[in-house]
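Number of protein chains: 2
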Amino acid sequence: MQSRAGQLKRAGRTIAFVPTMGFLHEGHLSLMRIGRERADTLVASIFVNPTQFAPGEDFEAYPRDMQRDLAMARSVGVDIVFTPDDTMMYAQGFQTYVSLEELPRGLCGQSRPIFFRGVATVVAKLFNIVGPDIAVFGEKDFQQLAVIRRMVKDLNFGIEIVGGPTVREADGLAMSSRNAYLRPEERPAALSLHDALRQSQAMVRAGERRADAIIAAAERHIASFAVNTIDYIAIADPDTLEDMASVDRPARMALAVKVGATRLIDNMALGR
Amino acid sequence: MQSRAGQLKRAGRTIAFVPTMGFLHEGHLSLMRIGRERADTLVASIFVNPTQFAPGEDFEAYPRDMQRDLAMARSVGVDIVFTPDDTMMYAQGFQTYVSLEELPRGLCGQSRPIFFRGVATVVAKLFNIVGPDIAVFGEKDFQQLAVIRRMVKDLNFGIEIVGGPTVREADGLAMSSRNAYLRPEERPAALSLHDALRQSQAMVRAGERRADAIIAAAERHIASFAVNTIDYIAIADPDTLEDMASVDRPARMALAVKVGATRLIDNMALGR
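Chains as they are written, first to last, in the numbering used here: chain R, 1 to 272; chain E, 273 to 544.
Take these hints with a grain of salt, some might be off.
What follows is a list of derived Cβ distance ranges for each label pair [claimed, not checked]:
| hint | chain 1 | residue 1 | chain 2 | residue 2 | range |
| --- | --- | --- | --- | --- | --- |
| 1 | E | D467 | R | E160 | 54 to 62 Å |
| 2 | R | A226 | E | F331 | 54 to 62 Å |
| 3 | R | P50 | E | G284 | 31 to 39 Å |
| 4 | E | F331 | R | A54 | 32 to 40 Å |
| 5 | E | Q364 | R | R68 | 40 to 48 Å |
| 6 | E | T512 | R | S3 | 22 to 30 Å |
| 7 | E | Q364 | R | A261 | 39 to 47 Å |
| 8 | R | R4 | E | R470 | 31 to 39 Å |
| 9 | R | F59 | E | P385 | 25 to 33 Å |
By construction, these hints were calculated from the structure, which means they are not laboratory data. As the structure is a prediction and not an experimental result, all values here were calculated from the model. Cβ atoms here follow ideal geometry from the backbone N, Cα and C, with glycine treated the same way.
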């Protein structure tokens, strides 16, 4: 992949890159379509990255379907799918990590303390291998997008990072490979994430500015489903991800909820 | 620099890179000569990197002489000297670091715990900016060379790392910008590092294999100068830098000594 990318660059071709963990859905395809429009060559990667899963998380169970993924990638014009394996990405003696000091602290970093180190490290590796001019990440993983933007700036990757809007099912559920874990009877509880975000937007439109009041209302709604366990609900600055007390400027509301055994995340802009 | 490097690559030119902290001496020039032979374009950087100095170390005092450095670089055929400043390299909100888990633990990492994180981070940044095909580092900073090799492999930089032999003064003192700190009366004590290494090589050639006996003899010699304070003397595996008990295969002897107020390091191959 690295030598192929070098050839492409020497031939003057630009590269767009969409890294994924596979089990593709419409959300991934929307990112690939953005990439397709922005460069000569479109590269996607499929790699379930072990270093971003903690023991006890769902690394082994994470859904995989390479043949279906390759067909879907082809259908949206991906030129190259890069599918490394674990031993190639993490050779004997591997010990180098990319980590950020502040952005990973809150939100998902609270319950997944090694997650963003794993993400930043594997994305740095993939960037070095694929050598893209632009890379596309979903806004659904909002903290991840902020981490990647900061890493690219801090380490001078010289890659344009593009955020792609969250794609939702008809009922509002944010698309995620982990939705495959949901049992049919858990669906109403899963929808409470999106409903709480919409309700929060409506409160802000109606003049509410107090973050604690908005969060409390979201909490009440989500907790009304017995199967739900709230990990966090936050209203944060979109760049620094620091908690905001008042929605007096553009803010991002983000939440993580365990619906039965399935951890879901979602987020939405507030106040603009 | 980054956009210039992109142009060079699109034009099919290869880039060799020698990162330095300036105050150049014959050791740096020898690395530049190696780079000059190995690529079409030779880039050197001069940047005294603040993140690899701890509070109380010599960041402010570190010797600087840009005009002299530029003339010396020109004299050995450097095409581009990259001279960023602190605020450009570490913008507001900087928070991303590259760190290694094991290689930085011993040797210089013991007394300089943040040093290798600072080195790995700035070298990763410089690699992304300069985009070299090969980069040349001095064997004088042996642990640094091992850290950079491992980082390049782990993060897939796709850059060939070349180690350049240590260049010495006529009396054996390893060249270092910090030699400028030495007072004339400290010179004999400073030479004890090289003498101890040569003495250790002779012991191994004479059949001694016990690392502790070799280290004890080196210690006695260096400590015979009252102005010296030994930081460490180690015999280590050249790749993992782990301590070796017996010199029954190629080993590296490395040491760090404070000569008065000046911390010096040196190293040599043993047993081959």
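Against the structure, the hints come out as follows:
A C-beta distance of roughly 55 Å is found between E:D467 and R:E160, which places it inside the suggested range of 54 to 62 Å. Restraint check, R:A226 to E:F331: a C-beta distance of roughly 58 Å satisfies the suggested window 54 to 62 Å. Between R:P50 and E:G284 the C-beta distance comes to about 38 Å, which sits within the given range of 31 to 39 Å. The given range of 32 to 40 Å is respected by E:F331 and R:A54, whose C-beta atoms sit roughly 37 Å from each other.
Distance hint check: the CB atoms of E:Q364 and R:R68 are about 45 Å apart, consistent with the given range 40 to 48 Å. Distance hint for E:T512 and R:S3: a CB-CB separation of about 29 Å, consistent with the stated range 22 to 30 Å. Taken as a hint, the range 39 to 47 Å holds for the pair E:Q364 and R:A261, whose Cβ atoms sit roughly 42 Å apart. At roughly 49 Å, the beta carbons of R:R4 and E:R470 sit outside the given window of 31 to 39 Å.
Separated by about 32 Å at the C-beta atoms, R:F59 and E:P385 satisfy the suggested range of 25 to 33 Å.
In terms of the numbered hints stated before, the structure departs from hint 8 and from no other.
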